[in-house]
Amino acid sequence: MTVLLDRIKPDFLRSRNITTGPFRQMFNYSRIWQWAMLLTSIVTLVPLILITAIDYNVTQQSIESENLLRTLRVGSNAKRAISSFLSERLAALTFVVHDRPYAELTDPVKLAILLDNLRVSYGGFVDLGVIGKDGVQTTYVGPYSLQGKDYSDQVWFSEVQEKGFHISDVFLGFRKVPHMVIAVRHTLPDGSSYILRTALDTVRFNELLTTLELGGRGDAFLVNHEGIVQTPTRYQKGIFEQIPYAVPEYSDNTEIREDKNEQGEPVIICSAYIPDSPYILVIIKHKNDMMQSWQQTRFKLIVFLAVSITVIVLVIFAFSTYLVNNMYLADQRRLMVLHEMEYSNKLASIGRLAAGVAHEINNPLAIINEKAGLIKDLFTYTDTYASDTRIVGLIDSVLSSVERCGIITKRLLGFARHMEVSLESINIGKVINEVLGFLNKEAEYRNITVKIDIAPNIPEFQCDRGKLQQIFLNIVNNAFSAMDVGGKLNITVQPDSPDHIVVNIADNGCGMTEEELGKIYEPFYSTKTKTGGTGLGLSITYGLVQELGGKIKVTSTKGEGTTFSIKLPLQPPKKAEK
Amino acid sequence: MRILLVDDETEFVATLAERLSFRNMEVDYATKAAEAIELAARKTYDLAVLDMKMPGISGIELKEMLKKQCPGMKYIFLTGHGSEEDYRAGSSEASGYLVKPINIDILVTRIKKALEAK
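Chains as they are written, first to last, in my numbering: chain A, 1 to 578; chain B, 1 to 118.
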C-alpha cells in the first residue's frame, strides 16, 4: 500500500522545497496544491450542497403539506358522509311522524310494516317504538322486548322533549349491543305529544369508516364530545374507552393538528364535529407512514449528493494534481536551464580567462624558447662550446620546461576554443585525454590509477566537443570524489552497434545504495552538499547526453564502486530528436 | 630557401631568424607589415612565416597584400592565441599553422614540406 502510494505520489510532493538561494523554486507547490483543492472544492461543493439542502427542505415541506391536505380532504368527505347518514335517517323519522296519523303508528302491525319499509329504503333501522309523553314505550316493533319500557328518567328523553329531536351516543342500553338512537318528538293537534324512536345499528357507521383509504397505520373512528370511542378502531383503544389524545376544540370546519401517540411517535390528527350529533370524527395517521414516499426521495437525494461530491472531489484532486505537477515540472526545467546557462557561462568565462592568460604567457614563453634555442644552436652549430656538456644540459632543461609550459597553454587554449564549437569531428580518445589532462595532478597526488582502453576500431564521429567534455568532466570528477587514495578508474570505449559506441567509466569508490541511485539525476540531489556540491552535475550530464542523442546508464554497489555507461550515436541526432 | 619572417615581437622574430639561418635558410625578418611589403618588393621569397595578429593588421590581410607581389609564395602562420577563428583561417589559408611557443624542428619540417609541395 505504502509502495503504491509512493508510486502515485506527484513529483512536487516528493521533492524538498528550496526556498532560498539562486535556484529557489518559484512557488510552494504543496501549498498551491492544497489551496487549489480547497478553493475549487468550496466553489463547486458549497452551491451543490446548498441547492440540495434547499431542494431537500422544499420537497419535504411540499410532501408534508400534500399529505396534510389529502388527510384533510378524506376527513372532510367522511364528515359529510356520516352527517348525511344521520340526517337522512332523522329526516325519514320526521317525515313519518308528519305523514302518518298517531293511531297508525301505535298499531303494532302497521308500525312493523313501516319498519320494514324503512329498512328496505334506508337500511340500519333495528327497531321502531312510540313513546308517550310520560316516557313509557307504548308501541314497539323490533328484535327485543322493550314494550312498556320507561325512559322518563333518561337524559335523551328530556333532551328530545326540549329540542324536538335527539341523536344519541353509541351505548349498550337494555339490549346490551352497541347501538345508537334517533328520536323525534311530534305534537298532535290536541296539544299532546309523542316520540318516535328508532335504534340504528352501528355496522353501517363502521363500514363507512373502515373503507376510508388511510394507508399504513391510519385509523378513523368516532368519539363523543367527552373523547369516548364510539366505533371500533384498528389501532386505538376499544369501544367506550377514552382516547389517549386531547378532545379537539369545537369547530365548524375539519381541523388538522400534529401530536404524539403513547409511544412518542409523531401523528397527524384530523378531527371534524358532526353537526347536530354528539360525534366527532377522528382520523389518526402516523407521520412516518405518511412520509414514506419522502423517505425514498430523500434516500435518492442523499445518494445523488454523495456520488456527486465523490466525483467532484476526485476530479478536483486529479486536475489540481495534474496542473500543479506540470507547473512544478516547468519550474524544474526552468531551474535546470538556468543552471545549465550559468554553468556554461562559468565554463566559458574560465575558458576565456584561461585563453587570455595562455596568450599573454605564450609570447614571453616564445621569446624564452627562441633565446634558449638560439643558445643551444650556438653550442650545437659552432665548435666553441660543443664540449661543455653541462651547459648544453642546462639549456635542454630550460627548453624542456618551456615545452611543458607550452603544452599547458596549448591545452588551455584548445579547451577554450572547443567550447565555442558545436559540431565537429571527434576523436573520443583525445577528448577523454584532454579532460583527464586537467585531473592528472590530482590523480598523481592521490595515487589514483587511471586506465584507458579504447577499441582500435572506434572511428572519428561528428559530435559537440564542449558538451562531451562537460559530460566526461562531471562523471570523472564524481568518480574522483567517490574514490579514496589508491583508487582505480577504468575508462573503456567499445563499439555498441554499427551506429553507436559505448563509453564505460568505472571507479572502485564508495558506491551508492539503491535509494541514492534512484535520485542521482534529480536536480539538487547531492551527497556532497557540505563540500560545495550543487546537486546539478549529473542532472545536467543527463540532459547533455540526451541532447547528443545518447543514453546514460548507471550501476552501483555500495562499498564496491560505480559504473557509468554512456551510449553515443556516431551520427549526430536531427534537430527534432534533440 | 628564402624565408620572410613577420612578427611584431622583435626579440622573438630576430632570434627565430638567426636560428633558421643556422639551418641553412636565407632569412629576412620584419616587425611591421610595411617593412614586410618593402622587403617582398625588393626580394623574392619562397615562403613567409606570418604572425596571425599584429598591430593594425592581421596575418591573413598581410598575406593578401604579399600575394600580389609574390604570387608563388607559400605561407605558414604563427599565433599566440589559438582561437577558433585563427585555427580555421590558419588551416584553410596556409600550408601550416603553429601555436607559440614553437618547436623549431617542427617549423623546419613544415617549411620543407610546404616548399616540396611547390
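Hints listed in this document are in silico derivations from the structure and should not be mistaken for laboratory results. Everything numeric in this text was worked out from a predicted model, so none of it was measured. Take these hints with a grain of salt, some might be off.
[Said to hold, decoys possible] With a cut-off of at most 25 angstroms between alpha-carbon atoms, the simulated PhoX-like pairs for lysine-lysine come out as follows: (1) B:Lys68 to A:Lys410; (2) B:Lys32 to A:Lys371; (3) B:Lys113 to A:Lys410; (4) B:Lys43 to A:Lys410; (5) B:Lys112 to A:Lys371; (6) A:Lys488 to A:Lys553; (7) B:Lys68 to A:Lys371.
Do the hints match the structure? See the list:
Straight-line distance between C-alpha atoms of B:Lys68 and A:Lys410 comes to about 33 angstroms, which puts the hinted pair past the 25 angstroms bound. For the suggested pair B:Lys32 and A:Lys371, the alpha carbons sit about 21 angstroms apart, so the restraint of at most 25 angstroms is met. This hinted pair checks out: B:Lys113 and A:Lys410 have alpha carbons roughly 23 angstroms apart, not beyond 25 angstroms. With a CA separation close to 35 angstroms, the supplied pair B:Lys43 and A:Lys410 exceeds the 25 angstroms bound.
The hinted pair formed by B:Lys112 and A:Lys371 meets the criterion: a straight-line CA distance of about 23 angstroms does not exceed 25 angstroms. A distance of roughly 20 angstroms separates the Cα atoms of A:Lys488 and A:Lys553; the hinted pair therefore holds under the 25 angstroms criterion. Restraint check for B:Lys68 and A:Lys371: the C-alpha separation of about 34 angstroms exceeds 25 angstroms, so the hint is violated.
Consistency note: the structure conflicts with the earlier hints numbered 1, 4 and 7.
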